[in-house]
Amino acid sequence: MENLDALNKSVDELDLEIGRALSFDEFGSSEASDIELIERARRWFEINLDKLHGAVCESEAIREHFSGIEAQKRNELLAAIIDALLKFGGFGTVPIASLAARVIHYGVERLCPNFQK
Amino acid sequence: MNQLSLEEALRLAGGAITANNKPNLISANQYLDMVSTLDSLGAHFTEILESADLAHIGGPLVLTNSPSFSCSAKVLPDGSFALFVPMGVPARLRVLARLLLRFWGKESRIRVVRSVFDNIPNEKDSVPPQLRPIFLEELTSDPYWNELNKLDESIEIDGTFETDVRELVHLGLVFMASHEFSHVLHGHFDLMSRARTEDLGIDQSALRKGMEVDADAGASAIAMRVLMKDVESAAKSHLDVSIATGWLRLAYVVTLIFAVTDSHRKFAYGYQQSYYNHPMVRCELFFSSATKSISGSKEAKQLWQKKSTEGWMKCVFALNDLTREAWSGKYGNLPDGVPHAPLHALLYGAGFGKTDLWTLEEMQKSLSLVNKIRAFLPIFTSRKMM
Ligand SMILES: [Zn+2]
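Sequence order for the protein chains is A and B.
Sequential numbering from 60 applies to the first sequence in my numbering.
Sequential numbering from 16 applies to the second sequence in my numbering.
I should point out that these hints are in silico values taken from the structure, not numbers from a laboratory.
Bear in mind the structure is a predicted one, so any value in this text is a computation, not a measurement.
Watch out, some of these pointers could steer you wrong.
Residues of chain B placed beyond 12 Å of chain A at every Cβ, according to the derived structure [what the hints assert, rightly or not]:
#1 C86
#2 A88
#3 P101
#4 S156
#5 T338
#6 K387
Facing chain A, a subset of chain B residues (Cβ under 10 Å, in silico) [what the hints assert, rightly or not]:
#7 E227
#8 A230
#9 Y284
#10 Y363
Cβ coordinates follow ideal geometry from the N, Cα and C atoms, glycine included.
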């Protein structure tokens, strides 16, 4: 499944994809460098933490999967996060699978402290 | 489309630069110079929008806290626009201008022999350590400003060049911000949205490339106009200014800008997937568009030809001298086994030789693409252009 490829990518690779998508509807004076795109994606992620919390942290399906650290559980967790992000209405031009994998790197427990209660 | 508010877009671009968070290598006066350049440019842009009956679409022009060398234009939810100029632009222009002006009047005229038709991999490795903050973009803010500062402090240059440095930074900002403004003025955002839902008979990447060439052409004409108006109003105030020196500096700094742009991608055919042309083609297009924009006498055109050729040539000579210095190890050594390479991609060949003909051919192709695109842009079809 194509979405699962996102789990094999590093944080930098995911941020680069997110940064490229964020630049989709703007013009520049030359090609933005990879480091600039990565920085932009990081800033975007910070700005959108509240929205991501809203999208991910109410999902029972994610709550069920998040404690599973084994590889097969990570796949299920990714699918559950993708589902929650889509239900939230997406995030503009940002690719959902990359964003879901980025959330896993960030840490579901960090984004959703309510799951540990 | 999920459009960002101005505040969000600005945060994404690194936030605004203020006198309190500017990098240390930029002095308080230099910062004020940069801000007043953007302020006066904003006034020129407003005037241009008014004359095109587009006064309602204006937006902020902001210096942002990022080491990037690429400006950007964004559309905001209310249909207005924000133009962002990263601090990396004026800071790099300033440091490179200081490096290059050391050779003014002392050019060795030693030529670097290297063809744009050579495809050499990993050219990034050939930039010596201390020049990497000028020619590469690989560091995040904090380490970046430290490295650029170290390079700036190491430059030994006669203090009498400071006025030239300031004017070069000013004109460089004028040209680069005018590129972004042209995207707005020419209606590129609307065309991009149209192309997403309508078949315009032109593929998306050609459309984007055409819009980039159109923005370069617009920037050339706007920079010439802004410079002329500023010289005229300074002359009215009895200041000692001359359009000849202005043109010399504009030609010098635009060449310098294209020496920094994509400097690691020297190969002529390395731009087929890119929205931008090879910097040599972009530089040539500036000179051609700027020449077309002069509506004055034959003497004015001749003066521009003379001064612009001088500015371009002096800048290329200085870039070659900087390359020669880099090869001598002055800016640190290359890793073992990495060959020397020119620092920039402005690898001119002989007049009417293969490189020259390729550049002109690419420019012609670009101009015909621009004509195709302008047929979709109301500002050109309704003849409201300034
Ligand atoms: Zn552009």
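How the hints compare with the structure:
no.: 1; hint: C86; result: violated (4 Å)
no.: 2; hint: A88; result: violated (5 Å)
no.: 3; hint: P101; result: violated (8 Å)
no.: 4; hint: S156; result: violated (8 Å)
no.: 5; hint: T338; result: holds (21 Å)
no.: 6; hint: K387; result: holds (18 Å)
no.: 7; hint: E227; result: holds (8 Å)
no.: 8; hint: A230; result: holds (7 Å)
no.: 9; hint: Y284; result: violated (16 Å)
no.: 10; hint: Y363; result: violated (20 Å)
Violated hints, listed in ascending order, are 1, 2, 3, 4, 9, 10; each of the other numbered hints is respected by the structure.
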